[in-house]
Every structure is written in C-alpha cells, then in structure tokens.
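Enquirer: Spelled out from the first residue to the last, the chains are:
There are 4 protein chains.
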Amino acid sequence: MATAIEDYGLREACGVFGCIANGPWPTLLDVPQIISLGLVGLQHRGQESAGIVTSQGQKGSKFVQKKGGGLISSIFSEEDISKLKGNLGIGHTRYSTFGGSDVSNIQPFVVETLHGLIAVAHNGELVNSGPLKQKLLRHGVGLSTGSDSELIMQLLTQMPHCGEPNGANWVGRIRHMMEQTPTSYSLAIMHQGSIFAVRDPLGNRPLCIGKLLPLAACTGNVSLQADDSCEGWVVSSESCSFGAIGARLYRDVMPGEIVELSREGVKSHCVVARPEASLPALCIFEYVYFARPDSILEGQMVYEVRKRCGKQLAIEAPAEVDIVSTVPESATPAAIAYACALGIPYGEVLCKNRYVGRTFIQPSSRLRKLGVAMKFGVLSENILNKRVLIVDDSIVRGNTMRPIIQMLKNAGAKEVHVRIASPPIKHPCYMGINIPTREELVANTVSIQDMAQYFGADSLHYLSVEGLVKAVQSGIKQDHTIGHCVACLTGNYPVNLDW
Amino acid sequence: MATAIEDYGLREACGVFGCIANGPWPTLLDVPQIISLGLVGLQHRGQESAGIVTSQGQKGSKFVQKKGGGLISSIFSEEDISKLKGNLGIGHTRYSTFGGSDVSNIQPFVVETLHGLIAVAHNGELVNSGPLKQKLLRHGVGLSTGSDSELIMQLLTQMPHCGEPNGANWVGRIRHMMEQTPTSYSLAIMHQGSIFAVRDPLGNRPLCIGKLLPLAACTGNVSLQADDSCEGWVVSSESCSFGAIGARLYRDVMPGEIVELSREGVKSHCVVARPEASLPALCIFEYVYFARPDSILEGQMVYEVRKRCGKQLAIEAPAEVDIVSTVPESATPAAIAYACALGIPYGEVLCKNRYVGRTFIQPSSRLRKLGVAMKFGVLSENILNKRVLIVDDSIVRGNTMRPIIQMLKNAGAKEVHVRIASPPIKHPCYMGINIPTREELVANTVSIQDMAQYFGADSLHYLSVEGLVKAVQSGIKQDHTIGHCVACLTGNYPVNLDW
Amino acid sequence: MATAIEDYGLREACGVFGCIANGPWPTLLDVPQIISLGLVGLQHRGQESAGIVTSQGQKGSKFVQKKGGGLISSIFSEEDISKLKGNLGIGHTRYSTFGGSDVSNIQPFVVETLHGLIAVAHNGELVNSGPLKQKLLRHGVGLSTGSDSELIMQLLTQMPHCGEPNGANWVGRIRHMMEQTPTSYSLAIMHQGSIFAVRDPLGNRPLCIGKLLPLAACTGNVSLQADDSCEGWVVSSESCSFGAIGARLYRDVMPGEIVELSREGVKSHCVVARPEASLPALCIFEYVYFARPDSILEGQMVYEVRKRCGKQLAIEAPAEVDIVSTVPESATPAAIAYACALGIPYGEVLCKNRYVGRTFIQPSSRLRKLGVAMKFGVLSENILNKRVLIVDDSIVRGNTMRPIIQMLKNAGAKEVHVRIASPPIKHPCYMGINIPTREELVANTVSIQDMAQYFGADSLHYLSVEGLVKAVQSGIKQDHTIGHCVACLTGNYPVNLDW
Amino acid sequence: MATAIEDYGLREACGVFGCIANGPWPTLLDVPQIISLGLVGLQHRGQESAGIVTSQGQKGSKFVQKKGGGLISSIFSEEDISKLKGNLGIGHTRYSTFGGSDVSNIQPFVVETLHGLIAVAHNGELVNSGPLKQKLLRHGVGLSTGSDSELIMQLLTQMPHCGEPNGANWVGRIRHMMEQTPTSYSLAIMHQGSIFAVRDPLGNRPLCIGKLLPLAACTGNVSLQADDSCEGWVVSSESCSFGAIGARLYRDVMPGEIVELSREGVKSHCVVARPEASLPALCIFEYVYFARPDSILEGQMVYEVRKRCGKQLAIEAPAEVDIVSTVPESATPAAIAYACALGIPYGEVLCKNRYVGRTFIQPSSRLRKLGVAMKFGVLSENILNKRVLIVDDSIVRGNTMRPIIQMLKNAGAKEVHVRIASPPIKHPCYMGINIPTREELVANTVSIQDMAQYFGADSLHYLSVEGLVKAVQSGIKQDHTIGHCVACLTGNYPVNLDW
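Residue numbers (this note's numbering), protein chains in the order written: chain A, 1110 to 1608; chain B, 1110 to 1608; chain C, 1110 to 1608; chain D, 1110 to 1608.
Derived by calculation from the structure, the hints in this document are not laboratory data. Treat the hints with care, as some may be off.
Copies of the same chain are indistinguishable here, so a pair counts whether it falls within one copy or spans any two.
Computed cross-link-like contacts, BS3-like style, restricted to lysine-lysine with a CA-CA straight-line distance of at most 30 Å [claimed, not checked]:
| hint | residue 1 | residue 2 |
| --- | --- | --- |
| 1 | Lys1168 | Lys1579 |
| 2 | Lys1376 | Lys1194 |
| 3 | Lys1420 | Lys1495 |
| 4 | Lys1244 | Lys1194 |
Produce the complete structure using the sequences and hints provided.
Expert: If you want it as structure tokens, here you go:
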C-alpha cells in the first residue's frame, strides 16, 4: 500500500486464511465464501495469485481445490465457489514467487502422505532453507517447486517416527519440523477435520484466530465479548479480514504455538521454544506498512502505531511549515499525527489515480520522463506559495521522491520538506521480504544530506530506530518478553544466519 | 469515486479525449500513448469499456481503431498501441450504456460520409433524443445502436446543404446539429487533419483544451505560462488527465463553442447561442463528485470547491463532537474543511478495502447481511467512547449509511453524527446521469428526521442548495453570466423538456 | 474444405440460417439451440465469427443478440443460448471480412427503422456496391461498417414510399432493394413475427427452406414426405445443416424469390425477374468445393456432382497408373469415381493431420522449408514403386502441389500424375469469393505444361469447362432455364460490371 | 480418431517427444519449434493439455518450461516458443487425467534432485502403482499429483545407492526403477545434456528414435538411408511426427531398453529383461486405432495392418452387398481392403462434420434425441435402395451404431450390415487406456446377435482375436520373440496383477 514501495521497492508478504464450521456436519456455513472473502481482506498482502482448498473433513474425504493468477475476485467464479463446498478449508494469496509465475507454485499445496492428505498455506521464508533442502534431497526426495513451502510440507511428511504406535501424530510432526527451523513461517495446515494454525518460534509473521459470530449484527472488528456464541473458527494473517465475514478477533497465535481448530473448538497443543538467547521477532515493517491499518497485532491497532510514529517523528524532527501532508495512502496516520503534534494544519496535496497500473509505454517514449506524474495529481491550490512538508512511510530505492518534489515545486510550493516515518533500510531480509540488493537501497549509496539535495527537498529526516521501536512497543502490554525484528534497519538478525 | 454512490447510486458520466501532434508529418509524438494515458486519467468517469481511433490525418487516410471492455490498461496492449500509430486521434471511456454491453456501442463511433470518414466521441445525453430520432427514421435512416451518440453522428451527416458549393463544411454541419439540440453533449470529432472540440450551448458537461509541452520538466498541472513552446494539442473532459501526459491546461471550451485543433493550432470557429432565457448549466455534481479533485473547472480546482462545501456545511450545521471524519474518498476535503472551520480534530475512522468489487456471494448467504462491512474496516481506537461526525458527499438510495453507522457504534462510538456535503437528490436527470427513479431516491420517501432515525444517526444534516451554489460560484471570476444545473436538487430543469 | 484452397487460395463464403417455431407462443422449440446447431452445420462456410439474433416476435419485442469471434462452439456458451430464448431468430457465420476483424462487422446486423427493428444476415457481395453506396451517402446516411450488408440494410430502410398508406410494406421494400442490385445475395431478414428468405435474381448463392419435424425419428436429410406434421421452419444456406436439427429439406428458395416464414407457414410473395438477357448464375464452385458434399443444391446431392466430375475427368484425361488417390478431403468423391471409371484401384496415400492450423514458425526457421509436410503424412507402403495418380479439386496459387508430389516421390512413388476436378481459375470474382489477384493465380502465369514440370508431376490435366458444366447440369431436372456462373473460369460475368 | 470411440468410449493415450541438437553449442536448430511441431504430430494421442521443457544442457543449466490446457497451437504462442530457446528439450501431450484438469498434473514433470534437475514425460500406467506408492509414502515422501508419472520420478530420485562413488548414475537409477515395475511406460527423461528414451520391458507403449536431416529435401517419413548426415536426434511416441520436422525414423526403442540421446549421438545402455515367462506386449489397440495410420510400429506401417484386418474380416465374415463403406475416419483402410477382397465397390456414405465438438445442448432439449446425427451427414444417393455394409474399427459402449444405422435406413438403404475390424472389448485395461467399466462395455451385456437386433443391423460380425493377431504379426520380421497385449479382448494380462 505504501506509495514509495508499491511499484519500486519492497514486496508484500503473503496471506494465509482458514475456516472451519462449528457443530454437526454438513455445515450451514458458507465455508468457501468465507475463505474467499477472508482472502479479499488479505489481498493487500499479495495480488499475484491465490488458491483455496476445502474438504468435508472426514477420514478419506477428498480435497477440492481451485487456484489461479490475479485478484481473488477474478480467480473464483460463483461456480468455483459452489464446487468448493466443504466443512473446512484453507486459502492463500501470494505476491512474489520463487518459481516465477508457474502455476505449480500457487498455494495451498496439497500432498498425499502415508496418513492421508494434508494441505499447507505458508507465509514467510525459511532462514535455513539451504541445509533443509540438502537434507531432503539426500533422503532421496525429488523437489518440484523450488519453494520453501514445499520444504515444510516434505519435512512434515518425513518425520522419522511416522508409522509408530502413536500413528500419524500430526502435532508431533509439526513440532519436529519447527525444531528444525526457527523462522520464518506462519502456517495453516489442514488434515481431516482439523486446521492447525502454526507460528514460528520467533513469531516473525503475524497470525491470529477469529470466532465466527451468529447471523445477528456482527459488523466491526472490535475485540470479542465473553458470552458470544459461535458458528465456527477462522485463522488469518491479519484480523482486518474478520469484519467482512462476521468474525471477531479471538486472540493471536503465540510465537512457537501450535493451535488446532476443529469442531470441538480451539485447542493449544504446545509452544515450541525460541532458540536460546533469541528474542521474539515480529517483523517491525508489518507495523510500518505490510499490515492493513485496521488490523490488530499484539493487542494494538496498526493505525495507532503509525500515529505514534508520526508523533515521535514530530519530536525527533520538527519543522516550521505551513501545511503537513502525506504521500497517500499508508503514511496518512503518521502525517496527521505529525501535524497534530506540532499544531500545523494537515491537508492533502497529492491526488492518487488508482487506475494507474502496469503501463504500455515503450522505453523510447517521451512519456517515460513523466514518471510518477502519471500516478498523482497535485492539488495545487493547497500548496501555492506555501512551505509544504510531506510524510512518507519509507524510502527504498528512492526513485519516486524526486519527481514528487518536482511536481510540488512546479505547482508553486515555496519549500518542500520530507519526513520518513521509519528509519533507513540498509540490509537485506532473509525472512520473507523481497528487499532489493544492498546496492539498490538508496540509504546505502548516499548520505541523507546528499539524498535531500538529489530529491530537491529543503530538508529530509527519518525516524530513528529507537523511535520506531518505542512507537511500536509502547502500546503493547508488558506481561511477557517483547521483541521485534529490525534487521533490515540495523543488520542485527534475530537468529544466526550461518547454517 | 464517492462511496455512497459508487456501487449503489449515481453512475459516472463518460470521458472524451483527443490529441493532435503539432508540426510536420509524420509526428514524433506518441499520439496513441498520449491518448491512452489521457483516458487513464479520465478512467474515474467510466470503467466499462473504451476505444481509440487514430489517423494519419490526410485526405483519404484510413482510421485505425481498437475498442474493448474493461479498464484501459486491460484493453490496450503494447501491440495495439503500436498499431494505432497516427498523427491525431480521439478516445472515449464509458460507464453506463444504453444498449447494454454490446460491443457495437463502444465509442468513438466511426462513419463514412459523402465527404470522408469522421469519428465522434460523446459525453452526455440529448434532452430531445426522441424527436431527433423520429426525424432521422422518417428520413429513412436505419439506426443500429440505440445511443444518442449515433443520433449526433447521423445529424452531422444529414445536414441539408451538404454537397453545396462550400463542400463538406464541417463547421456548418456541427453548428446545424447544435441548433437542433441544446444539451447535453461534449464532443471530440475527428475529420482528416482536425479535431473539433464541441460543447453544448448550456455547457452541461465539462471540456477543456491542453497544450503539450516539450520534453523538459512538465510535471504538475498548473496553468500555462505565456512563452511555452508547444508539441501538440489535446482535448479532454477534465484537466486532471494533463499531468500524466506532459500537458498544461490551456483553457475551457466555452458553452456553445466549436474549437478546431489542427497542426495550425487552436481556432475558435463560433459560439452557438443558448436558447433564449436560459442560463449556462454545468452540472453541479461534476463539482460534488464526478470530477477528480485535481481538475480545474471554470478556473477553479474542484478540491477547493469541495473544501468550501465543507466550510459552508460547518456554518449551516455545526456540531459538538470529538472527531470529524470522512466516508472515503471523495468527501475528504469537505470533512477536513468542516473540522478546520469548527476547530475539531480531523481523523480517519474507516479504512477502505480497495480490492472489494463485484462479489460472488449467493443471495442465500449469511454473508449478505454484512453489506458494506466487506468494504470498510473500522479504525476503532480512533472512535472508542467518542462523539464522531462523518461527512459524506451525497446520499442517493441510502443503503450504505445505516450499516456504516452500525459499524461505528459497534466499535464503541458514543454518538455518530452525519453531515452531507450536498443537498438531497430528489429529481431525475435527463442530461447524462443515470439517477435512480424517484421512488428509489431516499430523499423522496422519508423526511430527513426519519432518515436519521433509520440510519441510527444522532443527527443528520444536508448542505442547502443555496450553500452549494455559493460554494461553487464564489470561486468563479464574475466576468460573464454564471449558472449551474441543479435540476436533480430542485426540479428546475435548464431547458424546456416538452419536446 | 478443399486442401489446395484452404490455407492458400479461395476463401469460404458465409452461411445464413434462420428458424421460426410453429404454433402458439411461447414456443416449445429450442429456437436458439436449433440456430446454433444449424450454424455448426454451416461452419465450413466461415470460421471467423458468428452471431445470433432472436425475438419473441411480437410488435415491439426486443431483439436479443450475441456475437463473437471464433468457432460457433466457442462463441455461444450454454448461458448465452439460454439468454437468446425466443420464438424466432436468425444467425450468420462468416469467413472473410471487409472491415477486418472489427466486431462491429459481425452479422446479423440489427437496425431500428421507422417501422420497428429488423435484423439481416447476408451471404454474398453486391456487384454494384460502389454506386449504391454513393447513392446512400448522397442521401445523407453515414455508413459505419464498410460492408455490403449494411448497404442492403439501409436500402431496405430508405425505400421512397415508406410511411405511405400501406405502412411498412416490407415485401415492397425488399422488392425495391432487389430491383436496384441483381446479385449477389442470399438473405435472412427478421421483422416482428416473420423471417424473409431472399435470394438474388441470379440465384448466385444457395438458400433453401427446411421443415422441422416432430420429436420422432428424424435423422437423415432425405427429401420431405407429404404428410409430415411440422413444428417450425428453418432457412439455411445449405441443406446439410438440417440433419442435426431434425429438419428435412422442403425446397430451394428460387432465384429472385421472396419467401416469408411465419407461424402461418411458408408464403412465397413474388419472384423478382432477372435482368434482361441474363441466365441464372448459381456459383459453380459451390459444387466444386464450397458446399458440403451431403448438401442438396438444385435437387441434386453435391457429392454426386463431384463423382460425375471425376467420371468426366476419366473420360477427358485417362491415365495408366497403379493407384488413384485423393488430396483429402473434398476431392475424394471425384477420385473414387475416376478410379472406378478406369478400373484402377482406389487407395489412400496422404494422411491429413487435422490439428495443423496456423503455426508459430518464424520466417527464419529451417522448418519453413517443410511446408505442407506438416499437414500430411505419406502412407508410403501404398505407393512404393507404384505409378500414383492424385486428384485434387482445384489449383489456385499452386503452392501446395509441388511439395505434395515431392513427398510422394521421396516415399518411393515411381510416377506421380495429377488430375484436377475443375478447370483452371483465371479471373477474379466480384460476387463474394475472395479470389487472389490475377497475378497470384498460377493458371495465369504459366502454361499447364510448365506447371506440371514445376510441380514435378509426370502428367497434369484439368477438367474442361464444358466437362464441369455437363457434370453439374446433367443431374438437374430440365423443367426450367438452367445456368451457372463460371466467370472465374471464362471471364464471362453473368451481369454487366460497368456500373 | 475412431468414431465409435472418440466421444463415448476409449480415451487416447498420451504422447511424449524429445529433441536434442547435434554438434557444438549453441545449436542452430530450432529445438522448441521442433518439439512443438512434434507434439502437433502426436496431438491425436491427447488434446487436453501439453507442456514443453527445454535446457541449455550444461551442468547447472536452468530448465525453461511452458504448460497449458488445450491444443498445442493454442498453448504455445510465438513468444512462448522464443522463450523456450535451448539445445535440448522434451514435451508431452495428454488426454485423460488422474487428477482432473488441475494444472499441476500437466507434464513434463520437473524435479530437483541431489544430482540436479530432471524432467520426465510419461506415456502409460503402472500396473503396480499401489504398492509402489505405499513404498514411497512409507519412506516419508509426500506425493502431490496422484499420477503414476510422479511415482516414476520419485523412484528415480529414491535409488538407494545415490551419492555413492559413481555419483548420480542416472542409467543405474533408471534401471533400478524399471526392475520395480514391468509396465506400462514409455519415457523421455532429460538431465543435463542427455535425453534418455526408455521403454518398459514389455514394450507396452510405442517409442521410437528419429534422425534430424539437413535442410535439403527431407519430406516423407520413409526409413533412413545409410549415409545421411545428421543435425540432431528426436524421440517420439510415433514416427508420424517425423515428417513435419524433417526427421526420419532411425529405429524403435526396444522393450526394456535405455537409450541415451546426446550430442555424441545415440547410445544404447542396456536392455532390462522381461519378467520371467512373459512375452512382449505392445498394446494391440495401438494398431487398431491409437496410432496414426502413417506411423511405423515394429517395422510396419499401421495403415497396412488395418488393411490386413479388413482383408481378414472379408475372409472371416464376407457379405453380399452393393456397397462397402466406413465410419470415418480410422476404419477407412479396413473398409477399402474389405471391399477390395470381396470385389465389392467401395464408396462413402457418411460425411463427418468436423466442427461438432462438445455442445451446449441442455438435457431437456428435443435435440438430444438426434444424437450422432449432429456429427454425420448421409450421402443418401450412394445408398438409396442398396445393400450397404459399413466397417467400424471397434465398438465400446455401442451408443453410436444404432443411430447411424437408423440414419442410413431412413435415407433409403435396403439393408445395413456391420463389420467390426477388431474383436469385442470385454475386459478393463490396467496399462494406460481408460476403458469403461465391464458393465458399460456392450460386449459384456448382450450377445452379438442381440446387439445386431438392437442396432437394427441386418448382420453384425467382429474380427476374431486370432484374425487380429495374425493381421498384426504377419507383417513383422520373425527374428525375435513377438507378442502383443490382447488383455482387453481375452482377459489374459501380460503380467501378474496380484501385487
């Protein structure tokens, strides 16, 4: 959603979703509709392709699946949805791919094992995928997709004690898999009548559980009330998907936790411990821009964190200007809070054309020079002869800020100041975010001062790492160990990378 | 763009666009790229289908055309654009259709006449289409599309004096057509090396001319400077399309004016007079929500008009609340101005999921009850225990406001007040806007008081007609007769409807 | 279907079809299914695009239409068919186009006239389209498709006496149109509850009427028995489409005849006379290869005519060979008859790969040299060390015969002789067949002897014009004037071309 | 291709194809074009989906792949082909599927193994897939496609000695796999610079090798001459694909043989022995109708075998009739030979509409009764008052013969006799052919006499099993053990099925 990022910089993570109907079979709930709407609510986490797998949930039940490229609304026709009828199911929406746009990479993956079918939907990236892959190959397994998610699936199947007295023992298998790789994965695993919601021991990617409420008024995504009756359960990367399906946030899946959703309800099987000496490590950029602002992570609404980032930025880098504005849309709460903290009027200066997408412009065209001008209109009367400050959420490659500032100055802004509501990105991510190479990250190539000059900005300031961490952590209840992954900002990775 | 309207109420008008390259043939300009990007800039006026027609512009030159359904970006491939190569061309993007989704209704229309090919792109609806059609049928012309635009085309072809000494005389033909129908039409007509930009005598729909600047810095859509050199000319429904193509607003086409764009430049042929006793009648809802906020109509930016609406609303219907917000996105400037005028904090309370479109939900589904909850998330921490006021741009059928208020109250709002930045819509439009029937317009069925109660709003107020007119007209230079069509609000139509 | 022609030479004509249900409305018949299956039966006449228009058939009934590019089976989905529900309708399938692949050229055309809607499906090409077009343009009609079929439609609408006491008078209008243009057109015209089946005065393209039989055994396309009851009527370019819909051939539409199909039955209104001194002129190539072999034209089955061509060829150009074969598929009856007449064994030597279509081979590829080898396999054991004679139906550009002969010789044929079951094509067609230019017709560029040498044939003979005419006419009952168009063979056109 | 089978009975097998360019890299050959054309030549073996995988052929070279549903010509665009550039590659075309139309089932399959990437294309079905699957699952491998081809791939990867001093040892791995499953598989396996052509020890499905000739005249598919130079090598299910790519049949892959194609040429590694007491078992229905008539199997052209079947049928079941004909198209050689043997004229009586495919006809429609009438026209003048005999290649469910006979009798045939050029099918196939259940096979439900009566045939005779075997085997050189699988006719399976 972040402007500076959308087309040029970081890529979204993926979204996972699952739903199981309560009570006796067959269910009255529209399970496939709920899953598809849940995925629409997670669409901001991936727009490239998606899939849904459902089942009647009994031993020997077949899995029904539908996958495709594009947005949810174009993949699943009414007919597809009706064919997906089932009592439970999981879904996935994906952005970037290892194996390119090959359809065989679209999740959820389904495999047949000695103990029946399982389906897996995965958000994240394994830090030790290399050695895990070698281990599987050495065991004689041929791998067909090149994705980490297939490694997870084969690890679940490979557990040494399978076939022993305790039979399939899926919890044991999941636990065994988790002990071999600390991060990064949030998973929905479907087997027979259960969906296992699993979050890696570091809790690097979000995952939460929601309760499906009866048909009565169930709008809004506020937290759950005690005596609510229940029609089923859902698991989702973010709670923002709950409003559209009549669910309420029940709780987060804890880092390392294996939670089983079945028609008996919600059961927490165990919590796999973090590697020694490591802290929890939810990706801090989920707060900065991956998550939707109305999602609740660790008990706090993302929107509020973004406001605190703006407020903190006002403390760290105040300015004397006439108007504070945003690069729409994800920097808006930070901009409003920044303006409010300094008592400066907030107003809009850029008007986004939401129909601009991949274009058909030839490299040779005169029009290439116009760059982001295709994406934004300037609300010139708001800035004529004014000192303007714009807040953006982050800078990755730095190739949109310069033309934006040019547009504003051409339109009559007297000064243009820039504030970034997060610190400079300097290091690669090995846990699921497709950050450009070090060389492509503008923060590695020039000083902030030079950057300001190149952009044509009258001033440029980032939020400090400490400021960001404070903005994030000050809203979390301090009843357990808190930690966040800030590796892309500091180079301090939450786990040892020398596998 | 207006939320309350997008899926349930008024439909967008259409957009017309044309481009001609300056100087000797063949042009260096990317005419088809410019037209397609121009149409992307008008995409908010119609998303159903679009077409482009280009020509080398000489006597006997063939017209090349490409039309299709969907968004511009999906209709025109790189290959299509390269086949459209030409020195001039016109395009059209369309929302609603007379003849349904039949491809033969996609504009621009091309016809062969005794004097060569012409192409026509039309925004508007003829108030006297009935008698005009009978006249043509009586002349023995078979009509194939059922659209007003075909009537215009055949009227242009039918002119009685064709074939006379003055030959084709296209200006005379256009003038003759305009004398037979006072409104509503903004047209781009291509013939040989010329594009005629035509606006009806009442000026009911907008139309303006832009100048294509050389390759140097040409971002921003500020007004033109005197000594700019020029690479070509464009005509567009709105100036918001100019930024993306490196053009600057040159001037509006005046009501009743016929302007010819050719490689000799811009030539105004004549201004056809309004019917006696009538005033100019630009549709006031272009300001309220059809136009993009960064467009300039009658010399003023639409965004500023919307701010004045909010300010006026604060005067007419102030409130004591804790936070003022918007139903995203087109009501935002009014909301910010309302908040500012009353010194109340402005904040966001609804988070829009831009991926929600036409859905696959069966009528029988439990999920239908959730209605707009699929479209918005609530930023609950911004409203918990607060008195909230939301500004929307208009109410048509009234079927989204009730669930929005429910969502806000469920999320903890203590009070929810509603302000509408335009007056109640009570009358049908016969000039191009597809307003629901009188019975479907909520303002015709209940009193404002009852409406507030039905919505669950703690108070509900509309802007007055006088307030809206003042907000619009106070920003226009008073050097000529000013008037706007407010027929849907008052029932006073700008021309006699008894044809 | 003819091999030598399919990809390189002549193009198919179009197919028209119409159906009306008998008895009281609403009908029990599946009118849109019948039309779509009827069009599948005419698919060999045009594979580029198709359309169907249906109506409830009462005054003021709307027309429902669906058009698209490609084969019938890909254009009309089950849903489309169900939306086309009606009591009568017409359809069209098309090969080549005037206006290119523009969708607005797909027939049937629908226009609104002073007297209601009409739909027109047309097979043919007007010999005097130039002056007719000028006449319409001079009347001030703008023409939008560039096709002859639009001219027909506007001529029908333009009739001078329209609006007179006798009202719409569609028969009079059709008659008036026919008097202005002698050929070439076979039409199905739908208006209210009637379908007019119209054939031009020269009868240049075929058109016939079929009777829909009750549900009982109705397979086969034999001629009608006297006491059959009837469920409705159909009109079709060829009778081969009748078997698949349970219809039987009722009779041909006569040259110049206007037949009205309605729920009252079949009514012949009149027969418009041929221009003085002209003979009937059914295109003789309908017998040679346009028509499907199981169609009945002028009372005789096309297959039998092709056999007579082969028999005649055996008389005119016998050969001493070991095996007679065909270039599949349309020359097969001629080959079998040729073999039979001379007492030489008939056998297959070429095996057609019916999956070869437009290919993806780059011009630079080594594979281009293989030419028709992609299309045929050689049944080498049938020809090894044998003297082989192959019969083909025609030679147009002559670019497939050479590689075929090479293949046969490479595979071991001792000699390869060629017989063509029609005379050399030397002149352009102005009546609907897209024959290459004079220069591209191989018969205009080299002598038959040189051609044989170039092909590598040991002998090459064509059927004589007299032989072809005899083969065609000897099967027709001699109770009225007989004549066929052989203009492409002789240059003697059936009507004066100096318009 | 056989009528009685195409839409109602047996399903085609699959086709595999591979190509490697000779000489130094990079190749001048159009490898992807050759593969796609080769697959077009095998299209009759499967029209549901297809795929191609290519590689530069060096250690570490990536595999490029493209897969899709539909016909080859619609799957591979020119752009796709250009992206597939490589020095070698394999392809696959498929009919029926285990896993339904799921894209993940489209072959060739690609897997990463400890020793690099391999790609596998498979035609056949493993008789012992059940126990093999259990073995793999017990080893902890998760299986994702449900297809036998995945089992083969994982068996290749699983070989116990992998990682030993001799490294990857792909020949050893393939051999080890072959020792675990005797039939049915013909494979093309690509690894680095080699394509392994593998046929199961029983030789149940065909597979042959072809030599790519230089650019000079290379049409026809006759056997190879000694001194031909060579541009590369291909492997194909059938030799009929060679003509279109300029290749000549080099030799069959022997049952049990592993042949390696590389730029060093063709190397036979070994021949894995058949299970004791079993004979070779090429599916005899490859001769009856799977293979294209111009393919050469076991040294003889399929067309000749079909002629011998017809001749044998004339001996076993002669008839006194006026005309002998075929149900087009695959029974034609048998019909011609039958007629010739008895000295009765051969002629055509049915005209096939090749545009009839899956239709849009509703179950409730009157048109359903017309059945095959949609597919065939009757050439009635050839049969009027005649005694007609039609030859078909096989009868599976028996639901097309009855309406065909009805059509012929309705069209005037005095008698209709039926001869089937193969014996009755009575038993299921476990080696790759999707034969209906025993209950659905008409030969299991009624006697031949009753069948004749039900069909309305005046006589009905099948070819005997001995007659078929004689017709097939009498054309093969008797220099090694000969045997064919006739299990579906006799119930005697070539290997023990009790796994």
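Enquirer: The structure should be examined with respect to each hint, and the outcome stated for every one.
Expert: Going through the hints against the structure:
1. Lys1168 to Lys1579: Result: close neither inside a copy nor across copies, 49 Å intra and 51 Å inter.
2. Lys1376 to Lys1194: within (25 Å within a copy, 53 Å between copies)
3. Lys1420 to Lys1495: Intra 22 Å, inter 21 Å, cutoff 30 Å: intra and inter.
4. Lys1244 to Lys1194: Neither: 38 Å inside a chain and 33 Å across chains, both beyond 30 Å.
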